[in-house]
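K.L.:
Residues per chain are reported as follows:
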Amino acid sequence: MNVTCLQENLARGLGIVGRAVAVRSTLPITSNVLIATDHGRIKLAATNLDIALSCWIGGQIEEEGAITVPARLLADFVNSLPTEKIQLSLSPRSRQVKLVCARNEATIGGLDADDFPPIPAVDDGGTLEIDPKMLREAISQVVFSAATDDSRPVLTGIDLVVEGDQLTFAAADGFRLAVRHLQLQKKAAERQEVIVPAKALAELSRLLQDQEDPVRMTFNANKTQVLFALKDVELVAQLIQGTFPDYSRLIPKEWGSRAVVEVRDFLQETKIASIFARDGSGIVRITFQGGDDGTPGRMTIAARAEEIGDNSGELDAQVEGEPAKIAFNGRYLQDVLAVLDGGRVALETTGPSQPGVIRPLDNDTYVHVVMPMFVQW
Amino acid sequence: MTDASAATGHEASWTVVGQHAAVSALASAVASGRVAHAYLFAGPKHTGKTLAALQFAQALNCTGDGPPCQRCRQCERVAAGGHADVEVITVGSPCDESEHRHSADERDIRICQIRRLDRLVTRAPFEGRCRVLIIEPADLMNDAAANALLKTLEEPPPRSVLILSTDREELLLDTLRSRTRRITFTGLPQAAIERALRDRWDVEPGRAAELARLSMGRLGWAVVALHDARMMEEREEALARAEELAASSLAGRFAFASSLGGGFTKDRRHVHRVLDAWQAFWRDLLLIASGREDQAVHRDRLDRLRPLASQCTVRGIVGALRSIADARQQLDENASPVLALEVMMLALPELRPNAVGDRPRP
Ligand SMILES: [Zn+2]
Ligand SMILES: [Zn+2]
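If you're matching them up, the sequences are chains A and B in order. If you're matching positions, the first sequence starts at 0 in numbering that gives the first Met the number 0 and goes up one per residue. If you're matching positions, the second sequence starts at 0 in numbering that gives the first Met the number 0 and goes up one per residue.
Don't read these hints as lab results, they were simulated from the structure. Just so we're clear, the structure is a prediction, and the values are computed from it rather than from any experiment. Glycine included, C-beta positions come from ideal geometry on N, C-alpha and C. Worth double-checking, as some hints may not be accurate.
Said to hold, decoys possible - Straight-line distance between alpha carbons at most 27 Å, and here's what the computed DSSO-like set of lysine-lysine pairs gives:
(1) A/42 / A/222
(2) B/150 / A/198
(3) B/150 / A/222
(4) A/230 / A/186
(5) A/198 / A/222
(6) A/230 / A/132
Said to hold, decoys possible - Covered, in the sense of this in silico footprint (three residues per stretch, anywhere, with C-beta under 8 Å from a C-beta of chain A), are these stretches of chain B:
(7) 103-111
(8) 124-133
Kindly produce the complete structure, drawing on both the sequences and the hints.
P.N.:
Rendered as C-alpha cells:
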C-alpha cells in the first residue's frame, strides 16, 4: 500500500472513526483502525463490535493495500503533524506502516487487515431517507429516556418503528417514556420495528451535526444491523434482540387537569427548585390552578430540603380542569424541558399518583410521560 | 485420524477425540437446526470440553459444507480466536465497568462479567449467524453471578447459545442445570489416548504409553504435558515430595502445609496440581497394596512405591485419599488453605522412608 493525503483530512477521519475504537475488548485488533484503499479513496474504519464507523477521505493512491494500526497512537501522531501532505506506505508482506509528513517520519507496527472483524454489510432490508436536522432533533428528544443500566437490556435501546410515512422513536427506562414521530418523505413498503442501542444513536447524533444531505437508513433483512449512511461516513449498529414493551398503553388517554406554560419559564423555575431539591431525592412539587374572573391561572414549582431551606417559584399558566398537585424528580423534568425547542408546553395529569404527560403545544409529534414521586402534601 | 474416520454422518469433521456421544448430540443439533439456548458441558478436566465448545461455535457459524468445515472464513476466525461473536467468560475476563481491571488471580467469576454476557447476548451477532458465549469453569461463578445468569436463561434471546463448562457440576445451582441441555464428557480409555497421541500428535510409542498412563483418561492433559516440560518436572517434584512427606514428622508436614497453603491465593492451580499428584501417588499405593500393580500410573517408580505400599493397610490408604479429597473440597469452599492442608496431613499414614541411596536423581 502506498497512499498520500492531507494531514487535516486524515486527522478528521481518524477523529470520526476513533469514536468506535474499542476501549477494552477480548479482541486486541479492535483497538486498531483499519486503513484501506477503496475505489480511489482511502477508507478508515473502527469497531467496538457494538457499532462500526467507516469514513472515506480523498487522497492519491499509488498502490492498493490494507492494514490495521493502533488507533490511539496513529491519531496522536497525526494530530501533532503540520497541515501538509502525509504519505503512508506499507511494503509488501510487511506489517510496518511508514508515515512521512514534512520533516517527520514514523513507523508503526500493525496487524493484518484480514484479521479485522468484517464490518457487516447492510443492504437488503429496505432504505429510508431522513432529513439530518429532524433526525438529530428526534434522537435528542428520546435518547435521555433510555435505561443506562443493563438490568433490562431492551430498555437500553431506542425502539424504531417504520409504518406508512411515519418513523417513530421511543425510549423508556421504567420511570419515563419519550415518543417522537417523524414524517417521512416517502411511504415505507412495510411495517418494521427494531431496537437500536441508545449509545449508537447518540454517536449518530454527534455525526449529524455537520451533515446537510439526507441520511439513508437501512436495516438488513434479518434485523441484526442498521446502517446509517451519511456523506463519506457510515455507521453500522448491532440491533438489540428482543421485544420492546408495548408503550402505547402507558400514555394516558385523558386528563383531569391541564396547564399550558412557556417552556422557558417552566425549565427556569424547575432548575431553581432543583437546587433546593438536591439534598432530598430531587423532588420538585408542582401545583396549578385556574384564575378567577378571567385572570390567568398560575403554576407553582416548589422544593424543600430539611435543614437547608425551601424555594417556591411561580409562573403564569393557562389552566383547564381541576386544580392539581403532582411531584416529580426535578432531573427528569429538566431533561425533557431542555430538549423542547422553546414554545409552549402542556402538563396534563389525572391525580398526584398518576403519571404526568408533557406535550409541546404547537405540534403533536412528541409526547413524554413521567412517573410522579409520592410525597406528603 | 482413527476417531474421525470412525465417525459417520454429521460428525465427520469434528476433531474432538473419543467423545462420540457428545459430538454426535452437538452435530445433530446443528444439522437439524434444533439448537438449545444453553448447554452444560459436564465432565472431567482436559477431556475436550473447550475444543468441543469451539467446534460447536464453528459449526453454528460455518458457511461451508459439513460444518464445521474448518476451511471457511468463519471456521478459521473461530479457530484463530478472533471471531467477534465467540467469547469465553472466565475468571479475570473483562467486564463493561470502566473502572474494573480483572485478573486471572481472582477467585471467581463475578456478576459484572455476567452482566457483560447479558449485554452481549442481546446484541445481534456481528459477523456470524450465532453468538456463542462460553462460561468456563462455570462452577467458579459466585452466587450473585450465578443468579444473574439464571435470569438470562429465563428469557434467552435469539441467535445466541450459552455453554456452561464444568468438571464439578455438583457445585452449580440445580436451577441452572435444569435450564441447560446436558452434554456429558467422559474420561477416555488409556488405549484411546495412547492411540491419539501416536496418530495425531506423532508421539513415539514409548512416550505415548507413558503419557497415556499418567493422563488418567485426560487427553488434554497429555497434550499439554507434551509441550510443557515444566508440567512433568512439577509433577516429579510433587511425587518426590509426597513420598518424603509420607515419611516425615508432623512438624515437617505442618511446615510444608503452611508453605503450600500460604501460596494458595497467589496460585490456586499450582496447589491443585500438587494435590493431583498426591492423589495419584496414594492411588498407586492402593493399587499395589491390593494386588493390581499393573494398573498403577507411575510404572517408572514401582521400585520405590512397592516398599511403601507394603507398610500400608488398604484402609489406611483409603483414609489418605479421602483426606486429600476433603482438603480439596474445603479449598473450594474457601476455608483457610493452611488449615485445610494441615488437617489433611494429620490423616496421612506415617511410613518408613526408603533408604536414602535409592532416591531417584532429581
Ligand atoms: Zn466452516
Ligand atoms: Zn468487573
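K.L.:
Work down the list of hints and note, for each, if the structure agrees.
P.N.:
Evaluation of the provided hints:
With a CA separation close to 26 Å, the supplied pair residue 42 of chain A and residue 222 of chain A stays within the 27 Å bound. Pair hint residue 150 of chain B plus residue 198 of chain A holds up; C-alpha atoms about 24 Å apart against a cutoff of 27 Å. A C-alpha spacing of about 24 Å is found between residue 150 of chain B and residue 222 of chain A, which places the hinted pair at or below 27 Å, so the restraint holds. A hinted pair counts as satisfied when its Cα atoms are at most 27 Å apart, and residue 230 of chain A with residue 186 of chain A qualifies at roughly 23 Å.
For the hint pairing residue 198 of chain A with residue 222 of chain A, the CA-to-CA distance comes to about 18 Å; that is within 27 Å, so the pair holds. Proximity of residue 230 of chain A to residue 132 of chain A is assessed by CA-CA distance (about 14 Å); at most 27 Å being required, the pair is judged to hold. Requiring three or more residues with a Cβ within less than 8 Å of a Cβ of chain A, the coverage given for the region 103-111 of chain B is violated, as only 0 such residues are present. Figure legend: the region 124-133 of chain B, annotated as covered by chain A; annotation consistent (3 residues with Cβ-Cβ distances under 8 Å, at least 3 required).
The structure fails to meet hint 7 from the earlier list, while all remaining hints are met.
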